[in-house]
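Peer 1: Here the structure of chain V is known, so what remains is to put chain G in place on it, guided by the hints.
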Amino acid sequence: MSEAPAQPGPAMAMRTVQHSWFHRNRIKLAPWLFLAPALIFFAIYVVIPIFQSIWISFYEWDGLYNADGSTRATWVGVQHYIDLMDDDRFMTSLKNNVLWLVLFMLAVPIGLGIALFLNQTVTGIRLYKSLFFFPFVISQVVVGLIFSWFYNPNFGVVGFVWEFFGATPPAILADEDLVTYGIIAAGLWPQIAYCMILYLTGLNNVSPDQIEAGRLDGAKGWKMLWHVILPQLWPATFLAIVVTVIGALRSFDMIAIMTQGGPYGSSNVLSYYMYETALSEYGYRYGYGSAIAVVLFAIMLIFISFFLWKMWRDEKGN
Amino acid sequence: MTSLFKTTLIGAAAMAMTVSGSFASDLIITFDDLNPGPKAAFEAAVEKFKGENPDINVTVNINDREAHKTAIRNFLTADAPDVTTWYAGNRMRPFVDAGLFADVSDVWEANGFSETLASTKPSMTVDGKQYGVPYTYYQWGVYYRKDIFDKLGLSEPKTWDEFLAAMRTINDSGVKPLTIGTKFLWPAAGVFDYLNLRQNGYDFHNQLTAGEVKYTDPRVRETFARWKEMLDAGGWVDNHATMDWQEGMSLFIKGEAAMYVMGNFAVGSMRDGGLTDDQIDFFQFPVINPDIANAEEAPTDTWHMPTNAKNKENAKKWLAFVAREDVQTEWNKSMGQLPINSKSSVGDDKFLQEGFATLNAAAGIAQFYDRDAPAEMAKAGMEGFQEFMVKPDRLDAILERLDKVQERVYK
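In order, the protein sequence lines correspond to chains V and G.
Start counting the first sequence at 1; every next residue gets the next number (this note's numbering).
Start counting the second sequence at 1001; every next residue gets the next number (this note's numbering).
So here's chain V without its partners, still in its complex pose:
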């Protein structure tokens, strides 16, 4: 009996008739089976919590339950959103988020520049490349710590440079006007490396034929870059923009490590402010924190929709 499947022939054909529904549809089902674990976890840990956050944002809740396990949340409707409009800290965070979004975009052209520079055949270029990879490999927490010391006016490199020119070094992380720029600069360091890696990969796929053809037509330098190479790098550029936008909006680690939103809240961003109000030692206002999360989500939604639309259009075009 156990040898039956190994035997080809009419017996096999007979058996197909008896195949189960599952067996008949296996080609269609297979991808869903493989996707199922990811989809289930995505639903539990990403999709459902989004709706839970929206729901909690209509409640005033300190995160505690009564001793018998019943909830202590009270319904306040859209009150939290009204309060947000009148909250200086929230407005500062929102402003800083915009600043992050705009300045973080610098990572894309700088990453491209470095990638072009590194995409040459010189002895030892591999070593240089790996050195440029380095900031991307270092954890964000470490980057934050290194930059905190780097900026320290008493013993940091920045302090020494200033003093070399006979000036009093600025306390970048204690100055409300400089602090956000200081943190963004620190965040840019690994982000540039990330974009550079994307572009290096992209440059590998640039077709030599087209460059050759461009050369014959007399293109070189900027013209070559703009008309021949950049269009071929579009997929890499798209990806670089996506990761940079997401990186800017979820900037959290750097702020937590370097300033904790200080001095007096001036370097706060939405993601850290949300953490602070909802989950930190001085917060535990789950409803208010959720309202901030919803605002952040709404901003992200704009970009997500754009990216999805763009991807859909590109795929249709192909």
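Rather than coming from a laboratory, the hints here were simulated on the basis of the structure.
Backbone N, C-alpha and C define an ideal beta-carbon position, used for all residues, glycine too.
None of the hints are false.
Quick look at which bits of chain G chain V covers, simulated, 3 or more residues with Cβ under 8 Å:
| id | segment |
| --- | --- |
| 1 | 1095-1105 |
| 2 | 1183-1191 |
| 3 | 1235-1243 |
| 4 | 1369-1376 |
| 5 | 1382-1391 |
Facing chain V, a subset of chain G residues (Cβ under 10 Å, in silico):
| id | residue |
| --- | --- |
| 6 | 1073 |
| 7 | 1247 |
| 8 | 1251 |
| 9 | 1308 |
| 10 | 1379 |
| 11 | 1398 |
| 12 | 1401 |
Derived lysine to aspartate or glutamate pairs resembling EDC-like cross-links, with alpha carbons at most 16 Å apart:
| id | chain 1 | residue 1 | chain 2 | residue 2 |
| --- | --- | --- | --- | --- |
| 13 | G | 1411 | V | 60 |
| 14 | G | 1228 | G | 1393 |
| 15 | G | 1069 | G | 1033 |
| 16 | G | 1391 | V | 176 |
| 17 | G | 1317 | G | 1103 |
| 18 | G | 1391 | V | 175 |
| 19 | G | 1343 | G | 1325 |
| 20 | G | 1391 | G | 1232 |
| 21 | V | 220 | V | 209 |
| 22 | G | 1121 | G | 1106 |
| 23 | G | 1404 | V | 88 |
| 24 | G | 1069 | V | 62 |
| 25 | G | 1404 | V | 83 |
| 26 | G | 1069 | V | 281 |
| 27 | G | 1129 | G | 1109 |
| 28 | G | 1411 | V | 83 |
| 29 | G | 1391 | V | 177 |
| 30 | G | 1310 | G | 1026 |
| 31 | G | 1310 | V | 68 |
| 32 | G | 1129 | G | 1103 |
| 33 | G | 1050 | G | 1026 |
| 34 | G | 1312 | G | 1079 |
| 35 | G | 1404 | V | 87 |
| 36 | G | 1404 | V | 86 |
| 37 | G | 1121 | G | 1109 |
| 38 | G | 1146 | G | 1156 |
| 39 | G | 1350 | G | 1281 |
| 40 | G | 1039 | G | 1066 |
Peer 2: Here is chain G on its own, set in the frame of chain V:
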């Protein structure tokens, strides 16, 4: 035959359970400090308790302090231990209000704690009932470099004018008078508390942190006026907003700053930093208004029984045990802090001796701004203090913002 074996086994297990059930009971203890000193002191106390109560099965969980702060919010409802550590004052209030900490007034009553633990009774009391027992605290005050003071011919300032004069002298000699690190905000709250306690007194501190006084109140402005005088006397090191308290300490150790308004735990870092006991000393924060009795800051760590505790009788035994004079003496000696029980004795460290004398003479014990005020108010307030120290001319805007937060927090 297998089934016979099984039955015997089940029978034996059932026997064992009834036996242990009839003689022993359980006690589950959750402690919140993994640092070697406090952990060892706690474990020694547990051993002593076990020795006195051989019939109790003690289970101990020790959490990291920060993790404990998050975990307690869940385990009080979901899986409560029989006793747990926490803090006095407004930090325990949300749990009392939610009915998660049990009323243990009877433990106080039965053991005469109202007398022996009198100094912290107010901060353990909500609506006339006690919700835990304190086991340790430590004093705050002004730590200073005695060698720098001696070189400049200064003595410990007792009054506000002497304090300001000392600051100017130190500043003129090229050393910064006070060090501080306000990156994590709370050190600034210590300064505010002392100025406010000396300017307006203990009751006012409590009214303010209870939300009964506005921040724009003229008395609060007086407190900030004193603070401004300190700033004008060249009081603080530069760039304190970029430093945490240890980085502030390094300036003290290097001799670039002469004084530090801090808690007694700072002495450990000073000694670790290479300062000898000849170089460091301590004085009580100077008197500002002579009509006001000296109250002190002494954050208190406490034990509580959750409402959902399963072994309440044993939990109460533990609470009575940890507040006993001999237990507090030993516990605090090995931890290097101060016992709360007034009959306990203190380790022979000079700072502890001086601190114990100071606290016993105090007109009131404040829990520190961020434990006395509700968390959200505390955060906004401490950001305000930090901002004031950097931009004192923004005082009006800061106070108005704090009023706005106060209105929302206490409603």
